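Chain E is already provided as a structure; the job is to place chain L on it using the hints.
Chains E and L, in that order, are what the protein sequence lines are. Anchor point for the first sequence: position 430 equals 430 in our numbering, and the numbering is continuous, going up by one each time. Anchor point for the second sequence: position 24 equals 24 in our numbering, and the numbering is continuous, going up by one each time.
Source of the hints: derived by calculation from the structure; they are not laboratory data. Don't take each hint at face value.
To be verified - With a straight-line cut-off of 25 Å between C-alpha atoms, the simulated SDA-like cross-links for lysine to any residue are: (1) E/279 to L/268; (2) E/180 to L/96; (3) E/107 to E/27; (4) L/180 to L/294; (5) E/37 to E/150; (6) L/292 to E/189; (7) E/290 to L/159; (8) E/180 to L/280; (9) L/345 to L/176; (10) L/85 to L/395.
These numbers come from a predicted model, not from an experiment.
Number of protein chains: 2
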Amino acid sequence: MKDTLNIAEKSTFFLASQENNNKFQSMDDFLKWFENKRKNYFSVEEIPFNKLDQWYFTPDRYSLVHQSGRFFRIEGIKVKTNFGKLQEWEQPIINQPEIGILGILTKVFDGVRYFLMQAKMEPGNINILQLSPTVQATKSNFSRVHKGKLPAYLEYFIDTSKSKVLIDQLQTEQGGRFFKKRNRNIVIEVTDDIVVLEDFCWLTLAEIKQLLKIDNFVNMDARSVLSTIPLIDDVVLNEIQHKRLCNLTELEINNKIYRGINLDLIISACTQITDISSKNQLISWYTDMKVKYELETTQIPLSKIKNWDILDSSISSDDRFFSVIGVKVVADTREVTSWTQPLIKDVHIGLLGFIAKKINGVLHFLVQAKVEPGNIDVIELSPTVSCSNYNYLIENQNERPPFFDYFLDNDNVNVLVDVLQSEEGGRFYQIQNRNKLVVLDEGVDFNIPENYCWMTLNQMMDFMRYSMFNIEARSLISCINFCY
Amino acid sequence: MKDTLNIAEKSTFFLASQENNNKFQSMDDFLKWFENKRKNYFSVEEIPFNKLDQWYFTPDRYSLVHQSGRFFRIEGIKVKTNFGKLQEWEQPIINQPEIGILGILTKVFDGVRYFLMQAKMEPGNINILQLSPTVQATKSNFSRVHKGKLPAYLEYFIDTSKSKVLIDQLQTEQGGRFFKKRNRNIVIEVTDDIVVLEDFCWLTLAEIKQLLKIDNFVNMDARSVLSTIPLIDDVVLNEIQHKRLCNLTELEINNKIYRGINLDLIISACTQITDISSKNQLISWYTDMKVKYELETTQIPLSKIKNWDILDSSISSDDRFFSVIGVKVVADTREVTSWTQPLIKDVHIGLLGFIAKKINGVLHFLVQAKVEPGNIDVIELSPTVSCSNYNYLIENQNERPPFFDYFLDNDNVNVLVDVLQSEEGGRFYQIQNRNKLVVLDEGVDFNIPENYCWMTLNQMMDFMRYSMFNIEARSLISCINFCY
Numbered sequence: 001m002k003d004t005l006n007i008a009e010k011s012t013f014f015l016a017s018q019e020n021n022n023k024f025q026s027m028d029d030f031l032k033w034f035e036n037k038r039k040n041y042f043s044v045e046e047i048p049f050n051k052l053d054q055w056y057f058t059p060d061r062y063s064l065v066h067q068s069g070r071f072f073r074i075e076g077i078k079v080k081t082n083f084g085k086l087q088e089w090e091q092p093i094i095n096q097p098e099i100g101i102l103g104i105l106t107k108v109f110d111g112v113r114y115f116l117m118q119a120k121m122e123p124g125n126i127n128i129l130q131l132s133p134t135v136q137a138t139k140s141n142f143s144r145v146h147k148g149k150l151p152a153y154l155e156y157f158i159d160t161s162k163s164k165v166l167i168d169q170l171q172t173e174q175g176g177r178f179f180k181k182r183n184r185n186i187v188i189e190v191t192d193d194i195v196v197l198e199d200f201c202w203l204t205l206a207e208i209k210q211l212l213k214i215d216n217f218v219n220m221d222a223r224s225v226l227s228t229i230p231l232i233d234d235v236v237l238n239e240i241q242h243k244r245l246c247n248l249t250e251l252e253i254n255n256k257i258y259r260g261i262n263l264d265l266i267i268s269a270c271t272q273i274t275d276i277s278s279k280n281q282l283i284s285w286y287t288d289m290k291v292k293y294e295l296e297t298t299q300i301p302l303s304k305i306k307n308w309d310i311l312d313s314s315i316s317s318d319d320r321f322f323s324v325i326g327v328k329v330v331a332d333t334r335e336v337t338s339w340t341q342p343l344i345k346d347v348h349i350g351l352l353g354f355i356a357k358k359i360n361g362v363l364h365f366l367v368q369a370k371v372e373p374g375n376i377d378v379i380e381l382s383p384t385v386s387c388s389n390y391n392y393l394i395e396n397q398n399e400r401p402p403f404f405d406y407f408l409d410n411d412n413v414n415v416l417v418d419v420l421q422s423e424e425g426g427r428f429y430q431i432q433n434r435n436k437l438v439v440l441d442e443g444v445d446f447n448i449p450e451n452y453c454w455m456t457l458n459q460m461m462d463f464m465r466y467s468m469f470n471i472e473a474r475s476l477i478s479c480i481n482f483c484y
Numbered sequence: 001m002k003d004t005l006n007i008a009e010k011s012t013f014f015l016a017s018q019e020n021n022n023k024f025q026s027m028d029d030f031l032k033w034f035e036n037k038r039k040n041y042f043s044v045e046e047i048p049f050n051k052l053d054q055w056y057f058t059p060d061r062y063s064l065v066h067q068s069g070r071f072f073r074i075e076g077i078k079v080k081t082n083f084g085k086l087q088e089w090e091q092p093i094i095n096q097p098e099i100g101i102l103g104i105l106t107k108v109f110d111g112v113r114y115f116l117m118q119a120k121m122e123p124g125n126i127n128i129l130q131l132s133p134t135v136q137a138t139k140s141n142f143s144r145v146h147k148g149k150l151p152a153y154l155e156y157f158i159d160t161s162k163s164k165v166l167i168d169q170l171q172t173e174q175g176g177r178f179f180k181k182r183n184r185n186i187v188i189e190v191t192d193d194i195v196v197l198e199d200f201c202w203l204t205l206a207e208i209k210q211l212l213k214i215d216n217f218v219n220m221d222a223r224s225v226l227s228t229i230p231l232i233d234d235v236v237l238n239e240i241q242h243k244r245l246c247n248l249t250e251l252e253i254n255n256k257i258y259r260g261i262n263l264d265l266i267i268s269a270c271t272q273i274t275d276i277s278s279k280n281q282l283i284s285w286y287t288d289m290k291v292k293y294e295l296e297t298t299q300i301p302l303s304k305i306k307n308w309d310i311l312d313s314s315i316s317s318d319d320r321f322f323s324v325i326g327v328k329v330v331a332d333t334r335e336v337t338s339w340t341q342p343l344i345k346d347v348h349i350g351l352l353g354f355i356a357k358k359i360n361g362v363l364h365f366l367v368q369a370k371v372e373p374g375n376i377d378v379i380e381l382s383p384t385v386s387c388s389n390y391n392y393l394i395e396n397q398n399e400r401p402p403f404f405d406y407f408l409d410n411d412n413v414n415v416l417v418d419v420l421q422s423e424e425g426g427r428f429y430q431i432q433n434r435n436k437l438v439v440l441d442e443g444v445d446f447n448i449p450e451n452y453c454w455m456t457l458n459q460m461m462d463f464m465r466y467s468m469f470n471i472e473a474r475s476l477i478s479c480i481n482f483c484y
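Same shape as in the complex, but just chain E:
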């Protein structure tokens, strides 16, 4: 459990190191440090539901719950919508009504901005450890509903009077797997000295952007927070536009020297002047989508979900889909307790893909308004393509969603991002999506269905502040860097 682990960490990992420790001279140094952390041995094994400790099915196998009533519940829902081809279905879903905190501390050392990141274990993680935000905490953690110590650094996110809140937004999680789940995504700037605990380190945004090119390295919670950080702010943009005239080949952004940066793409994606749709037009389109599409969900017993069965070791349907399993986590270091919990498993790799294209010389992204059963208000803005079973769709051409074919291996597109990223390991068991950003030639032209719309990166970042983009889109946005 995430909560259990936080308590354990706090109690034993509190080994103060120098404040300036855990910054790295090179990416190799960092990777060595990180690999070294993996040596703490954890094993995760699938177990049948009746071996789960403290988790049980409620009467008539209505839901799968924890005896404390905390953490999360696995429930069944019946979904009706007028969106897409499949307009009625039933499925299991995770219900976790608490709003959590995903927080990153940032500090400027000698003119260079760093972010405090954590090498954190989660049972569903591919490779066990992934790079995580400074803090991942549930409301139970920080409102002290239960006993036990607080997660490290949580105090900075509870009492912000001594620091500066740079970003603080409510953002949602996967509407296909979570029922109306959202977290507070926070970036706090501190100026006082900070003790860097073992398993934490300072990284610059440029370094993190490099790590986002490595498969399954930066966890979903970190990507969620990172997506809210502007690639460059207006001040830097002005600077770039000014320096561009000097044929600059290296550039200082976010206090970090970039070499070989694609100035043209950055300016093009972040410009506000020459976007093809005004903010009012985009809000009108968004309003239209919210009114046009309908979503109705009703809770039903897990045991009655059509086409799904509760087996000894899984709640599952057709092999094409996800399943619910139980796992047991064992650590051979004495720091971490052993525990069991349910997880969502999906052996199929999904695809999250944005198409981008210059329109009137300005880079625009093709955004989809999408209905998913756990959405808080019917639609959320999504990547151009978002699907959970890439290989199945490669083999079944008829079932492909619009624009899928641009993400097949294709000589005619410029691939800027192509990386496997994991879903959150506290709820998902080794689930990966291929995150892909392809840029089409300005000449490529096609009609777009009514629930798609072109936006610049600046427009997307602006709308993101109002919780309009889903985690799938934000994951992909976090990977964008325009640097070679």
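Structure of chain L alone, referenced to chain E:
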């Protein structure tokens, strides 16, 4: 019923007049035209529930509903919240899940922008007729769920391909009386010729702003749409700032000459440069309020609402509060059918008040984050003071909300707006709120509770686009004009 009336209007009022008709040389001409409309005689009388036609209580008097299942329902809810002093109560509430359209057509004639407004009867209106938007329609209307003709001009709001959408936003109605009700607020610019039907007329924004100074003249739906129209846009603001250097005493805004305009206040309220809180800081405060406050509502039978009784002619509680009544509408013109319906009645006048103050030379408004039972997502942004029984609070000093005393008759404040405005006459029976904007001296200083925040008018207009302001705040914003 609103719907019935629309059908009747459409069928008989389709008396084409010249396009340029129904523009007026003076406010007197307009008021003569409008008074003349009142001659169509309607009477509205209170009747007992058992005389309601087609409306009935469901078994165990659970809800009060229309036999068609359309229109709206009166239901009971139990409310729990951690906001304010009273944290648990029960009350009746209107449930009308459809998203309606409130739309205004606009057109520029000879360089002057006009808005197409309607003299419209509603049973709950004070003075029967009030100035209304071009279109008020429910989704049943425009999706043709029922038979009958469409409301006049609705086609412009359904097919926008030939016109320009200037504004198109989802906006909520009273969270204290409606359960999660919202409408699409739309302003459409047309360039082609338009037939002006009887009961419709063209008015400039300056003329409408003058009419907003008359008690109970412009209806709530019109105020809701008008609040979304920027007082001046950035282009005009630049123009003002430029001309200010010339000691201008008259000014053309929105294609209309203003005399005696308070340039200083306009520039001050709309400036973006010197506001005391950045957009990110305001979003952080808004996020904090949404996470901090909780709201839980459960439907209960009308007959079981604590401290409320279903009587022959009303559902009522203590005299201090609103009640639900039945009314019968009779018209002596053959155009309009007679009908009966429930309405919400409240003989007490409410207060909606904004405090404004220059901070660092820039006008800021004191905005409240408020929980009301019908809110869609826990909190909405509200005027500084918003209460339903002004006189009761004058007499009961202990129960006054924060900042109430600034709205008592007071020599130390500059009153910019002070007018009685009606709630929507299709659901509310002669309910009025005193809308008051007071400007304090820059020197006046006080601490504000955590659920209050200072914003410039520009920041408020920006957040309004994302459905963050409630109808009470928007009603008051619609009355702001800064002209003498």
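Against the structure, the hints come out as follows:
In summary, the hint linking residue 279 of chain E to residue 268 of chain L is supported, as the alpha carbons are separated by about 24 Å, within the 25 Å threshold. At most 25 Å may separate the alpha-carbon atoms for a hinted pair to count; residue 180 of chain E and residue 96 of chain L meet this at roughly 23 Å. Between residue 107 of chain E and residue 27 of chain E the CA atoms are separated by roughly 20 Å; this keeps the pair inside 25 Å, and the hint holds. For the hint pairing residue 180 of chain L with residue 294 of chain L, the CA-to-CA distance comes to about 16 Å; that is within 25 Å, so the pair holds.
At most 25 Å may separate the alpha-carbon atoms for a hinted pair to count; residue 37 of chain E and residue 150 of chain E meet this at roughly 22 Å. With a CA separation close to 22 Å, the supplied pair residue 292 of chain L and residue 189 of chain E stays within the 25 Å bound. For the hint linking residue 290 of chain E to residue 159 of chain L, the alpha-carbon distance of about 17 Å falls within 25 Å, and the restraint holds. Annotation: proposed proximity of residue 180 of chain E to residue 280 of chain L holds, straight-line Cα distance about 24 Å (limit 25 Å).
Distance restraint check for residue 345 of chain L and residue 176 of chain L: the Cα-Cα separation of roughly 13 Å lies within the 25 Å cut-off, and the hinted pair is therefore satisfied. Proximity of residue 85 of chain L to residue 395 of chain L is assessed by CA-CA distance (about 19 Å); at most 25 Å being required, the pair is judged to hold.
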